[in-house]
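Protein chains: 2
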Amino acid sequence: MEYQEAKEKFISTWGSLGTLWGINKAMAQIQALLFISTKPLTTEEIMAELKISRGNTSMNVRQLIDWGIVNKELVAGERKEFFTTEKDVQELARIIAKERSRREIKPVIKILQDVSGIKDDGRAETQELIKQTKALHELAKTADSLLNKVVDQKQNWLTKSILKMIN
Amino acid sequence: MEYQEAKEKFISTWGSLGTLWGINKAMAQIQALLFISTKPLTTEEIMAELKISRGNTSMNVRQLIDWGIVNKELVAGERKEFFTTEKDVQELARIIAKERSRREIKPVIKILQDVSGIKDDGRAETQELIKQTKALHELAKTADSLLNKVVDQKQNWLTKSILKMIN
DNA sequence: TTAAATTTTCAATAATTATTGAAAATTTGG
DNA sequence: CCAAATTTTCAATAATTATTGAAAATTTAA
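Chains A and B supply the protein sequences, listed in that same order.
Using the numbering used here, the first residue of the first sequence is number -19, and each one after it goes up by one.
Using the numbering used here, the first residue of the second sequence is number -19, and each one after it goes up by one.
Since the hints were made in silico from the structure, they are not lab data.
Hints are supplied without guarantee of correctness; some may be wrong.
The list cannot tell twin chains apart, which means a pair is met if one copy fits it or any two copies do.
Claimed, not checked - No more than 25 Å apart at the CA atoms, straight line, and that leaves these computed lysine-lysine pairs for PhoX-like:
1) Lys19 with Lys(-11)
2) Lys(-11) with Lys67
3) Lys121 with Lys78
4) Lys114 with Lys67
5) Lys129 with Lys78
6) Lys129 with Lys67
7) Lys86 with Lys111
8) Lys99 with Lys67
9) Lys99 with Lys114
These numbers were taken from a predicted model, which means no experiment stands behind them.
Let's have the full structure, built from the sequences with the hints guiding it.
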């Protein structure tokens, strides 16, 4: 496999994987492109590389900035904006996990809490709803907490030691 | 909040959450309905509760069975098929994590391995691609391994002890 | 076997989501 | 301040994905 083929394969794989971590294809592909770029890129360059429109590029770069994954870079003597992404995979994982927790997991935990907290009127249906959503609530809280904690360990010693522990 | 409202809220929340774990809305809603049901349900009952068509119900129940989350139940003297879902949240999480690992994470790990394994021709671009995809490859392997191991602990003692450890 | 009950399939259609492109808004060098 | 360069917005459109519904296939009771 040559560089160009490998590059395209990586960008397209990362793009279709976007849905897995809750972002759209273009957004994931822009991030992938920046991730393997040796220098900051302009909107023009992103458009050309990924063959997407200016509007699409603008909106998705903005969203990546909102996520905290992409940054504007100022280049002396240049009027255009240049973009870079976080290059450290640990830090990238940390940012993504935190955002997904905040945007998606936390709100669901809140709803599970509300639903599982309804008054027990003695009916079997009500009791089953309470029991099952309570169990989900507990699971979601534990998983969210674990995710946040694992990902917070900057040097990643924890993950390594856990893996050692259970191997 | 009354039973009916809580039930609808749970089903619709779980439905829109479906995308988070990689399944469509109807599929997630059917699973949610079975999850809080006190008895096995027929296709007719699922159609009526969720207001979806027979074809939609049939296809999505089939997919849930493929995932290993839903089972056919035989009811004596009944010709129709009855369906139930796994009721234990730990086991449910285990099944879902395993399936996602197998269907999505493992194939990506393979591609990252391939891409990061291209020949180093000395160009800066090639070296950056290799370096970055190698880092992602390592991260993905570790995360996948950790996920599978955490979720495999049936009694969940591991998660509890890890949480204790890092609190 | 047969025929009624039930389930599955899949082409047509609807709903949703992503993308374009050009006009409007903003920024910046002079 | 002006005007060129650049970015953003958003209505229109395209692409994708989900859903329907009825015909075909399958199952089962008698």
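Verification of the supplied hints:
1. With identical chains, the CA atoms of lysine 19 and lysine -11 are at most 25 Å apart within one copy only, with a shortest distance of 20 Å there and 48 Å across copies.
2. Proximity of lysine -11 and lysine 67 under a CA criterion of 25 Å is satisfied intra-copy only: 19 Å inside one chain copy versus 40 Å between copies.
3. Proximity of lysine 121 to lysine 78 under the C-alpha cut-off of 25 Å is found in both arrangements, the shortest distances being 14 Å within a copy and 20 Å between copies.
4. Within a single copy, lysine 114 and lysine 67 get their C-alpha atoms only as close as 40 Å, which misses the 25 Å cut-off; across copies the closest is 12 Å, which meets it.
5. When the C-alpha separation of lysine 129 and lysine 78 is checked against a cutoff of 25 Å, the pair qualifies both within a copy, at 10 Å, and between copies, at 22 Å.
6. In this homomeric assembly, lysine 129 and lysine 67 come within 25 Å of each other (Cα to Cα) only inside a single copy, at 21 Å, whereas the closest approach across copies is 28 Å.
7. In the homo-oligomer, the alpha carbons of lysine 86 and lysine 111 lie at most 25 Å apart inside one protomer (20 Å), although the nearest pairing across protomers, at 34 Å, exceeds that limit.
8. Taking the shortest alpha-carbon separations for lysine 99 and lysine 67, only the inter-copy value of 22 Å comes in at or below 25 Å, while the best intra-copy value is 50 Å.
9. Within a single copy, lysine 99 and lysine 114 get their C-alpha atoms as close as 13 Å, which meets the 25 Å cut-off; across copies the closest is 53 Å, which misses it.
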